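With chain C's structure known, arrange chain G on it following the hints.
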Amino acid sequence: MTSKPLKQIHLAAHFPGVNNTTVWSDPRAGSHIEFSSFAHFARTAERARFDFLFLAEGLRLREQGGKIYDLDVVGRPDTFTVLAALAAVTEHLGLTGTINSTFNEPYEVARQFAGLDHLSGGRAAWNVVTSWDAFTGENFRRGGFLPQQERYSRAKEFLATANELFDSWHGDEIVADQANGVFLRDAKAGAFAHTGQHFDIHGQFNVPRSPQGRPVIFQAGDSEEGREFAASSADAVFSRHATLEAGQAFYTDVKNRLAKYGRRHDQLLILPAASFALADTDAEAEELAREVRRQQVSGATALKHLEFVWNRDLSSYDPEGPLPDIDPDVSDNHISKGRAQVRMYRDPLATAREWRELAAANNWSIRDLVINTGNRQTFVGSPATIARTINDYVQADTADGFILVPHITPTGLDDFAYKVVPLLQERGVFRTEYEGPTLRHHLGLAHPDAVDDRVAS
Amino acid sequence: MSTTPRTPLHLAVALDGTGWHPASWREQVARPRDLFTAGYWADLVAEAERGLLDFVTFEDGLALQSSSYGELDGRTDQVRGRLDAVLTAARIAPLTRHIGLVPTVIATHTEPFHISKAIATLDYVSTGRAGLRVQISARPHEAGHFGRRVFPPIDLNELRSPAGQERLTDLFDEAADHVEVVRRLWDSWEDDAEIRDAATGRFIDRDKLHYIDFQGKHFSVKGPSITPRPPQGQPLVTALAHQTVPYRLLARQADVGYVTPQDAAHARAIVAEIRAEQEAAGRAGEPLHVFGDLVVFVDDEQAAAEDRRARLDALAGEPYTSDARIFAGTPAQLADLLQEVSEEGLSGFRLRPAVAGHDLPAITRGLVPELQRRGVFRTAYEADTLRGLLGLARPANRYAAV
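Taken in sequence, the protein lines are chains C and G. At position 216 of the first sequence the residue is numbered 216 (the working numbering), and the sequence of numbers has no breaks. At position 290 of the second sequence the residue is numbered 290 (the working numbering), and the sequence of numbers has no breaks.
If we strip away everything but chain C, and leave its shape as in the complex, we get (with noise of 0.2 Å):
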């Protein structure tokens, strides 16, 4: 009996920014911001041949309790941008934005990443994100309107309106013969016409077809309708649900709706993030993490971190002190604005009653509950641990393999690429070199030309 092949690992590399992982006080860390910072970390990844680079996006800036969010980093460059520039700096990486589907619209979603597909020769991805945040509106035309119920149907216009568009080319029209005079074989090239409930456009497209033909499309919410989008729509999924168990109840969970789309189970990856604390030694790599963790969780991040459930000021509170004994705020009115970690805490009253009885039966302070509550490192070890960890996640069916969230800028990911991958490839499960020159080779998905094709024969 032959033993099942071994699955390869797929890695990628998210920049760290805007979130309470990232440790800005630490004194490698560098500007979140400077193009030399971006460069460092996409080289990093392309050396050790990750897959692709992550961006997240963010359209407004956090503000708690009607003021500013200060103590975690702030402040981001414009995802597109920012790629296209990477494209420069790097050969085969991969390049992933997010892009939100509530503050954009169509034309120019679909224009900007068949764009940056042509200008990196078909490394562009698209995480798709919804909205319907009125808050972040504020800063848009479009404002604050959408309904909540309606940013998953509006996600799903949005995305299908770009693959119209993507696909009203289709590749053979540009024949640029200077002899005879002719440049384009169709002078319909590019047309469409779409009217949904969102969208009514219609027009000409005027991008051609891209090297991806698509952009690689990542999925990354977690609700009951985020996971259909994905089974329904997506090549990959960005999910936050990196330890074992959890992983596997959602990677069958994912994998098994895809039958009912016509898809395989090989059509659409599971990308976990991962943040990780890596040190020579397992020993010192557990006291690295619990360091970083203690950084990461201040005694004023802690209380804040509180205020998400509670929904209330809590600054009088001693963040070395016992958790409050009044009960959280459960009007709508949230004290926290365009956090989206709040919507983890449905049940505030619950979430506050388990942290006392956790709190009391510890004897744990504020701030000692949120360090031993909060996001803990996924892979904490030597290199050698890390590694095989990894490796048996992805084969036990947890992931197809990680984003990484180092915790420094910009060079959180160079030991990992340094000294863990390497083992990754000794054992057979990462590539040492790059397959093919594009994102949709790297993650092992046909061209979107070759599935139409499978789809019509």
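Some hints here could point you the wrong way.
Straight-line alpha carbon distances no greater than 25 Å define the calculated SDA-like cross-link-like pairs of lysine to any residue that follow [stated by the list, open to error]:
1) K67/C to S68/G
2) K337/C to R196/G
3) K67/C to G201/G
4) K67/C to D77/G
5) K188/C to K208/G
6) K67/C to R141/C
7) K188/C to G201/G
8) K188/C to S66/G
9) K188/C to S68/G
10) K337/C to G143/C
11) K67/C to Y69/G
12) K208/G to P27/C
13) K222/G to D449/C
14) K188/C to D77/G
15) K67/C to F219/G
16) K208/G to E426/C
17) K260/C to D449/C
18) K337/C to D34/G
19) K188/C to I195/G
20) K7/C to Q295/C
21) K419/C to N391/C
22) K222/G to G299/C
23) K208/G to R227/C
24) K208/G to A29/C
25) K217/G to R227/C
26) K208/G to N391/C
27) K208/G to E63/C
28) K188/C to Y399/G
29) K222/G to H334/C
30) K217/G to H198/C
31) K208/G to T301/C
32) K222/G to D133/C
33) K260/C to T301/C
34) K67/C to D192/G
35) K217/G to Y320/G
36) K208/G to A359/C
37) K222/G to P27/C
38) K208/G to G66/C
39) K208/G to G137/C
40) K208/G to G299/C
By construction, these hints were calculated from the structure, which means they are not laboratory data. Keep in mind that this is a model prediction, so the values were computed, not measured.
Relative to the frame of chain C, chain G by itself:
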């Protein structure tokens, strides 16, 4: 004989496809198959930088190019299709060191919030060499690509009527608001807002971040930007203008305006009108460069340039006309013309190469050395930023407490 020091000229080049003549793509040097690759644009901008030009502009549009202003022409014998100008400029930025990069943005259909952070980021990736060229679109078919507004058909003559002028005024007012929002967002972070104060745990001093609270007819924007203030503080804002309504946009919002004088007297009249509008807008003392736009065919012999123009016209099936004056001649003749017209108050020119692959090198290797011999063009880049090249100071932040 007096030796009055000659005023140095500024020179920009407008990049559009294979060049501005519609038959330019049929020239051997044109590389029409490479138009959608980064290498094509990188080569052109490298050539412009070798010639020490101040900046290049990248044309753009939200529809296929057309020989007819208000609608698509269905033609297949000219270049059609183009890449987003901001992305193209960003792709080139890390490959260049000195030259300014000025992509076109269409104010009518884009979000000023997105444009502001995109150009700020272009300024970061180019370390201080970014600008934008703001443009409106009155075209019904472009509006149809967005589905948010319906524009009536355009007749260029009708646009000159009072009703047409009113329509244009509304679009240019919207563009002025767009730029105002973009500029306020660039200032919405004070330069020293990032403090990384480990003692208090604060990454930024939020008192140095500002809501812009813009309210206008077409949009309102809260702010602040998500992107910190860019290296130049305010990247360069530029626009092309042909008549009073767009001159007002220059007067209100631009750092550089491109105009289309047919001769020196025309240039004098245009500059006078723009300066008057600047005064009316309360910006009389502020620097505003006025550049003349010219389409150029440049060859070592005048006859060669004229023959080339005639040959391309024949290929196109009609004589090429333009909003700008069309020049065909030698580098020395072009230098004479630039010097003559600039004396009427222009500080520079934006040249539109008729054939990018031919006329751009003719500018950098023919015209530039000629201007250098005459002592009116730089012999080395003298500044690290685009503002610096144009002699413009880094502006103070409007929100910073004095």
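Now for the hints, and whether the structure bears them out:
This hinted pair does not check out: K67/C and S68/G have alpha carbons roughly 51 Å apart, beyond 25 Å. A distance of roughly 22 Å separates the Cα atoms of K337/C and R196/G; the hinted pair therefore holds under the 25 Å criterion. Annotation: proposed proximity of K67/C to G201/G holds, straight-line Cα distance about 16 Å (limit 25 Å). With a CA separation close to 57 Å, the supplied pair K67/C and D77/G exceeds the 25 Å bound.
The hinted pair formed by K188/C and K208/G fails the criterion: a straight-line CA distance of about 52 Å is larger than 25 Å. With a C-alpha separation of about 23 Å, the suggested pairing of K67/C with R141/C holds against the 25 Å cut-off. For the proposed pair K188/C and G201/G, the alpha carbon gap of about 58 Å is over 25 Å, so the pair is violated. Taking the CA atoms of K188/C and S66/G, the gap is near 13 Å; set against the 25 Å cutoff, the hint holds.
A C-alpha spacing of about 16 Å is found between K188/C and S68/G, which places the hinted pair at or below 25 Å, so the restraint holds. For a cut-off of 25 Å, the pair hint linking K337/C to G143/C stands: about 16 Å separates their Cα positions. Restraint check: the Cα-Cα separation between K67/C and Y69/G comes to about 48 Å, which exceeds 25 Å; the hinted pair is violated. With a C-alpha separation of about 24 Å, the suggested pair K208/G and P27/C falls inside the 25 Å cut-off, and the hint holds.
Taking the CA atoms of K222/G and D449/C, the gap is about 43 Å. The hint is violated against a cut of 25 Å. Of the pairs offered as hints, the one joining K188/C and D77/G holds, with about 13 Å between alpha carbons and a cut-off of 25 Å not exceeded. Proximity of K67/C to F219/G is assessed by CA-CA distance (about 24 Å); at most 25 Å being required, the pair is judged to hold. In summary, the hint linking K208/G to E426/C is not supported, as the alpha carbons are separated by about 51 Å, beyond the 25 Å threshold.
The hinted pair formed by K260/C and D449/C meets the criterion: a straight-line CA distance of about 21 Å does not exceed 25 Å. Straight-line distance between C-alpha atoms of K337/C and D34/G comes to about 46 Å, which puts the hinted pair past the 25 Å bound. Using a Cα cut-off of 25 Å, the hinted pair K188/C and I195/G is violated, with the two alpha carbons roughly 55 Å apart. Restraint check for K7/C and Q295/C: the C-alpha separation of about 36 Å exceeds 25 Å, so the hint is violated.
Taking the CA atoms of K419/C and N391/C, the gap is about 15 Å. The hint holds against a cut of 25 Å. This hinted pair does not check out: K222/G and G299/C have alpha carbons roughly 31 Å apart, beyond 25 Å. For the hint pairing K208/G with R227/C, the CA-to-CA distance comes to about 41 Å; that exceeds 25 Å, so the pair is violated. Restraint check for K208/G and A29/C: the C-alpha separation of about 22 Å stays at or below 25 Å, so the hint holds.
Restraint check: the Cα-Cα separation between K217/G and R227/C comes to about 40 Å, which exceeds 25 Å; the hinted pair is violated. Restraint check: the Cα-Cα separation between K208/G and N391/C comes to about 47 Å, which exceeds 25 Å; the hinted pair is violated. Annotation: proposed proximity of K208/G to E63/C holds, straight-line Cα distance about 15 Å (limit 25 Å). Taking the CA atoms of K188/C and Y399/G, the gap is near 50 Å; set against the 25 Å cutoff, the hint is violated.
Proximity of K222/G to H334/C is assessed by CA-CA distance (about 19 Å); at most 25 Å being required, the pair is judged to hold. Straight-line distance between C-alpha atoms of K217/G and H198/C comes to about 23 Å, which keeps the hinted pair within the 25 Å bound. Restraint check for K208/G and T301/C: the C-alpha separation of about 21 Å stays at or below 25 Å, so the hint holds. Our distance criterion of 25 Å between C-alpha atoms is met by K222/G and D133/C, whose separation comes to about 14 Å.
This hinted pair does not check out: K260/C and T301/C have alpha carbons roughly 44 Å apart, beyond 25 Å. With a C-alpha separation of about 19 Å, the suggested pair K67/C and D192/G falls inside the 25 Å cut-off, and the hint holds. Among the hinted pairs, K217/G with Y320/G is inconsistent with the structure: their alpha-carbon atoms are about 39 Å apart, more than 25 Å. At roughly 38 Å between alpha-carbon atoms, K208/G and A359/C are farther apart than 25 Å, so this suggested pair is violated.
With a C-alpha separation of about 34 Å, the suggested pair K222/G and P27/C falls outside the 25 Å cut-off, and the hint is violated. The suggested pairing of K208/G with G66/C holds, with an alpha-carbon distance near 16 Å, which does not exceed 25 Å. Simply put, K208/G and G137/C have alpha-carbon atoms about 23 Å apart, close enough for the 25 Å limit, and the pair holds. Only pairs whose Cα atoms come within 25 Å are accepted, and K208/G paired with G299/C is accepted, the gap being roughly 24 Å.
When the structure is compared with the earlier hints, violations turn up for hints 1, 4, 5, 7, 11, 13, 16, 18, 19, 20, 22, 23, 25, 26, 28, 33, 35, 36 and 37 and for no others.
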